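First to last, the sequence lines map onto chains D and W.
Under the numbering used here, the first residue of the first sequence carries the number 1, and numbering increases by one thereafter.
Under the numbering used here, the first residue of the second sequence carries the number 143, and numbering increases by one thereafter.
I should point out that these hints are in silico values taken from the structure, not numbers from a laboratory.
Just so we're clear, the structure is a prediction, and the values are computed from it rather than from any experiment.
Careful: at least some of the hints might be erroneous.
What the hints assert, rightly or not - No farther apart than 16 Å at their CA atoms in a straight line, the calculated lysine to aspartate or glutamate pairs in the EDC-like style are these:
id, chain 1, residue 1, chain 2, residue 2
1, W, K393, W, E247
2, W, K146, W, D187
3, D, K66, D, E16
4, D, K11, D, E70
5, W, K250, D, E128
6, W, K250, D, E137
To be verified - Ranges of calculated distance between the beta carbons of each label pair, as one might list FRET restraints:
id, chain 1, residue 1, chain 2, residue 2, range
7, D, E116, W, E218, 53 to 63 Å
8, W, A181, D, R78, 37 to 47 Å
9, W, N156, D, L27, 24 to 34 Å
10, W, N377, D, S60, 41 to 51 Å
11, D, G32, W, A338, 38 to 48 Å
12, W, E326, D, A52, 52 to 62 Å
13, D, D88, W, K146, 18 to 28 Å
14, D, Q30, W, R249, 44 to 54 Å
15, D, P120, W, K146, 42 to 52 Å
16, D, P120, W, A338, 48 to 58 Å
17, W, D289, D, N58, 27 to 37 Å
18, W, G316, D, L27, 25 to 35 Å
Stated by the list, open to error - Covered stretches of chain D, as calculated for chain W (at least 3 residues, CB under 8 Å):
id, region
19, 14-20
20, 98-104
21, 113-125
From the three backbone atoms N, C-alpha and C, an ideal C-beta is built for every residue, glycine too.
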Amino acid sequence: MTMRAAAIRLKIPDNEAYTALAALRRLGVQTGRIERSQIWVFDDDGDERDFAQRVMANESLFNPNKHELELLAGDRPREGEAWIAELDAREEPVRVRGVRGGRRYVAWRLFEHGHEPASPQTVRAAVERLLCNPAIERAMYS
Amino acid sequence: MSAKVAVLVFPGTNSETETWRICRDAGMDAHVVHWSRAATLPQYDAYVLPGGFAYEDRIRAGAVPAHDPMMDYVIEGAMRGKLVLGVCNGAQILLEAGLVPGTGELRKPTAAFTYNAPGAHFVCRHVYVKLAGDPSRCAITAALEWDELIPAWAAHGQGRLAATGDHLREIEQGGHVTFLYADEHGRVDADTTPNASALFCAGITNVQGNVLAVMPHAERDAWNFNHPDKREGSNILAPSGGARLFESMAKALA
Chain D
1 MTMRAAAIRL KIPDNEAYTA LAALRRLGVQ TGRIERSQIW VFDDDGDERD FAQRVMANES
61 LFNPNKHELE LLAGDRPREG EAWIAELDAR EEPVRVRGVR GGRRYVAWRL FEHGHEPASP
121 QTVRAAVERL LCNPAIERAM YS
Chain W
143 MSAKVAVLVF PGTNSETETW RICRDAGMDA HVVHWSRAAT LPQYDAYVLP GGFAYEDRIR
203 AGAVPAHDPM MDYVIEGAMR GKLVLGVCNG AQILLEAGLV PGTGELRKPT AAFTYNAPGA
263 HFVCRHVYVK LAGDPSRCAI TAALEWDELI PAWAAHGQGR LAATGDHLRE IEQGGHVTFL
323 YADEHGRVDA DTTPNASALF CAGITNVQGN VLAVMPHAER DAWNFNHPDK REGSNILAPS
383 GGARLFESMA KALA
C-alpha cells in the first residue's frame, strides 16, 4: 500500500479563495493571490501510472468541466501553503478503484504580489487570524 | 419609548424579515440595518443577528462576517453591556467573533457551531429548546420561566457545538449553556438533539450574560401559522411559543 496525494482545485474563478484574499487583506495580512484546493491523501493499492485517471473517474470528487487535478510529491503542505482538517476528522471511504480510504484537507496556498509562495510568517498569520478555528480544526503548514 | 434594535444584514443573510417582524411585535423598535449602513449601528440599544448564509459560509460558517466592519460595532456595544442575540447563522458569527462563550480573546474562537453529526447532513426539523438553568443567567432570557420550553425550527447544516475538552468544561462549569434541545415534554437526550451538539446545547451565552447565541429559529415559530399543528389557537396571527424569547428580550430592554 502506498500513500499518494492529489490536489483538486477549481479551474473556473474561485469566489471562496477571492473572499479569503479580501478578508485577509482587511485583517492586514498582505498577500497577492490565494489558491484553494481540496487535498486527498489516499492509501492506494493500485497502479501509480493510472492513479490520476482513477481519481478523476470519481465524479463526486472531480468534475472535468470545473476542476483540475495535480499529483503531489508528499503528504505535507508545500511552500506558502496551509492544510486545514477538522479535529475529529477520520479516514473517509472513497470510491476510487484501488484505494482503501482517504484523508481530506482544505489547502490554502498564498502567494506574494509576485508569484513567489508567501513566507511562513504570512501563512501563519493567515491561519491564526482567519483560516483555522482551533476549537474545531487543526492546521499544518510549511 | 421602546428600545431601538438593529437587525443586521450581512451579504447572504436571509432571515431578517421574520426576525424584524417578531422584534417589532414583541415591542421593540426594530430596524433592518444593511452592511452598507454599518456606521449607524452605535445609535442602537441592542443588536440581533438573524439567520442565513452570510458571505455564503465561505471558509467556515460565520468566519468571514465575524471580521466584517459591522461586527466592530457589535463587539464594541457588547463590551459596553448592550444586548446581542444571534440566531442560527447569527449564532455562528457570534462564536467565530469570540463573543460567546467569551472566555478567550475576541476573534480567537474557543468553540464553534460546526457540521452536524453523524454525516454532516443539513437538518430541518421542529424542535423545542429548554431553558438550561436560572433564567437570569442571561439578560435576554431573564423574563422566561425556569425550565421553559420554546418551540423553534432547527434548520442548519452546522449546528453542533464543538470545542476542545478544556473549553467544553469551561462552557459547562461556567453556566454558559442557556438552551438545551428537548422534546415537547422537556425530555433532553441524544434523541431530542438533531445534530449531536455537545452538552445537548442549542444556545450559549457569554460570561456577562448579555450576548446569546441560539441555533434553532424561534422566530420561525413566532406566530400560530408557523407552528406545525397550530394547536396553540385558531387565530393564525396570534403569537406562538417562539415569540416568548423576543418578548423576554424586549422586557430586558424596557
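Verification of the supplied hints:
1. K393/W - E247/W: Roughly 30 Å separates the two Cα atoms, so the pair is violated.
2. K146/W - D187/W: holds, 5 Å
3. K66/D - E16/D: Given pair K66/D, E16/D holds - Cα atoms ~14 Å apart, limit 16 Å.
4. K11/D - E70/D: Status holds; Cα separation ~12 Å.
5. K250/W - E128/D: Roughly 8 Å between the alpha carbons, so the hint for K250/W and E128/D holds.
6. K250/W - E137/D: Holds. K250/W to E137/D sits at ~13 Å (cutoff 16 Å).
7. E116/D - E218/W: 53 to 63 Å: With a Cβ separation near 38 Å, E116/D and E218/W fall outside 53 to 63 Å, so the hint is violated.
8. A181/W - R78/D: 37 to 47 Å: For R78/D against A181/W, whose Cβ atoms are near 42 Å apart, the range 37 to 47 Å holds.
9. N156/W - L27/D: 24 to 34 Å: Holds - the Cβ-Cβ distance for N156/W and L27/D, about 26 Å, lies within 24 to 34 Å.
10. N377/W - S60/D: 41 to 51 Å: holds, 48 Å
11. G32/D - A338/W: 38 to 48 Å: holds, 41 Å
12. E326/W - A52/D: 52 to 62 Å: holds, 54 Å
13. D88/D - K146/W: 18 to 28 Å: violated, 42 Å
14. Q30/D - R249/W: 44 to 54 Å: violated, 19 Å
15. P120/D - K146/W: 42 to 52 Å: At 47 Å between Cβs, range holds.
16. P120/D - A338/W: 48 to 58 Å: violated, 36 Å
17. D289/W - N58/D: 27 to 37 Å: violated, 50 Å
18. G316/W - L27/D: 25 to 35 Å: Check passed, 29 Å falls within 25 to 35 Å.
19. 14-20: Answer holds; 4 residues pass the 8 Å Cβ test.
20. 98-104: Check failed, 0 qualifying residues.
21. 113-125: violated (count 0)
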